[in-house]
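Engineer: Here are the chains, one letter per residue:
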Amino acid sequence: MINHLLRPATSTGAWWWLAVAATIWGIAYTANEHLWTALVALAGYDTADTVPGAIHFFFYDTGKVLLLLVGMIFAVGLLRTALRPERVRDILLDKPRWMSLLLAALLGAITPFCSCSSIPLFVGFVAAGVPLAVTLTFLIASPLVNEVAVVLLAQSFGWRITTWYVVAGLALAVLLGAVFSRMRLDDQVVDFVRNTPTARLHAATTSPTLPERIDAALQETAEIVGRVWKWVILGVAVGAGIHGWIPADALARYAGPDNPAAVPLVTVIGVALYSNAAGVVPIAESLWAKGMATGTVLALMMATVALSFPEFVLLKQVLKPKLLALFFGSVAAGIVVIGYGINMAA
Amino acid sequence: MHIEIFGPGCRNCVTVEKHARAAVAELGLDATVTKVTDYADIAARGVMATPGFAINGAVMSTGKVLRQQDIVALLREASTAENT
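These protein sequences, in sequence, are chains A and C. Residue numbering for the first sequence follows this note's numbering, starting at -4 and increasing by one per position. Residue numbering for the second sequence follows this note's numbering, starting at 270 and increasing by one per position.
It should be emphasised that the hints constitute simulated quantities derived from the structure, not laboratory data. Just so it is clear, the structure is predicted and the values come from calculations on it, not from any experiment. Among the hints, erroneous ones may be present.
What the hints assert, rightly or not - Quick list of simulated restraints, FRET-style, between CB atoms:
id, chain 1, residue 1, chain 2, residue 2, range
1, A, K311, C, A350, 39 to 45 Å
2, A, K311, C, H271, 55 to 61 Å
3, C, V302, A, R222, 35 to 41 Å
4, A, V308, C, G297, 53 to 59 Å
5, A, L78, C, G278, 36 to 42 Å
Said to hold, decoys possible - Partial list, derived from the structure: chain C residues whose beta carbon lies under 8 Å from chain A:
id, residue
6, V316
7, M317
8, A350
Glycine residues also receive a C-beta, built at the ideal position from the N, C-alpha and C atoms.
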């Protein structure tokens, strides 16, 4: 019985389920706004004081970020169950180049990307005739921009900087794709990729029903939140720590906007670090609070999530050395340009 | 009956293999479970998102960590088709 309530079986039931879930989420979000303030007041403390303020901030923010993450991952999960890689491939085929580049970046942003899936995906796209440059755009955008990164960035840096990050990430993917499509790179793919037959999938022929999509989105939400919650708590704890005392400006001297070497340096460090968005946001936030310039911090984040040694090893299996070097080099160079640009604009 | 799990060996693929073996045991089927880990082989079967799952050569699911009950349902369906 409970299983039936938790997982709707009919289409009407699914709509009701969504309405009830959205209501519960809204109530929880509103309650979180007031609950902690009320509790601190009840205990006889003032949130304006350092320690009660930091504790209040920690609980309130942990609740808020976790609720936002659950809501966002679930909503994107519902959307992406209709966007299987096979579907994305069909969307990207036979469009004007500029449009397929733009779509590749946007679809990359909402499609999940586990790095162990990147090779089959790459092969599936290229073998089916999606242009190489468009596939590379997809590969750049996919790890760089995703819903977890957006929620965590917005939480730590605010919506203005998050918007910069998303726009810069998508622009980087599209522009590099446009550059790649002007180059002759088709012989730079390892031979088996072109010789792979594009088999038609049994599983791809049926489109999922709404109850199935809810089920899949729930599973995905549980999986992702189960993986990143500890980073969220760490991130908020860092924020709460900073909340209390005045940030030292040691880093501002070395990695502030006045030091032109800082951006390329953090980009190299970011490539060497291997982490996802959830792991790197807390580090980035504390560096930012200590005075590192905004563009420098975003360059560090982008380099960490977009490029890494494991990614290099994976792509080495499908890209010949020249293209592999070009791919890594141009993404890194693009990130440096973005870092400088944001430092100048900020 | 022949079951294949497609994936280079990341955590999700290992989980699906575990669920598949448990499902086979639950139904008491006479089935082999093999893993396809080579990228060229995975791609040649049209699997673009890992983990992939196939019964008797037909790919039934990709990019999804199937639960034991999901696999049980797929296996039931396949064994009915086999017997008719």
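Engineer: If a hint holds in the structure, say so; if it doesn't, say that too.
Structural biologist: Going down the list of hints, with the structure as the test:
1. K311(A) - A350(C): 39 to 45 Å: holds, 41 Å
2. K311(A) - H271(C): 55 to 61 Å: violated, 32 Å
3. V302(C) - R222(A): 35 to 41 Å: Between V302(C) and R222(A), where Cβ atoms are some 26 Å apart, the hint is violated.
4. V308(A) - G297(C): 53 to 59 Å: About 41 Å separates the Cβ atoms of V308(A) and G297(C), which means 53 to 59 Å is violated.
5. L78(A) - G278(C): 36 to 42 Å: violated, 26 Å
6. V316: holds, 6 Å
7. M317: holds, 4 Å
8. A350: violated, 12 Å
The structure fails hints 2, 3, 4, 5, 8 (numbered hints given earlier, in ascending order).
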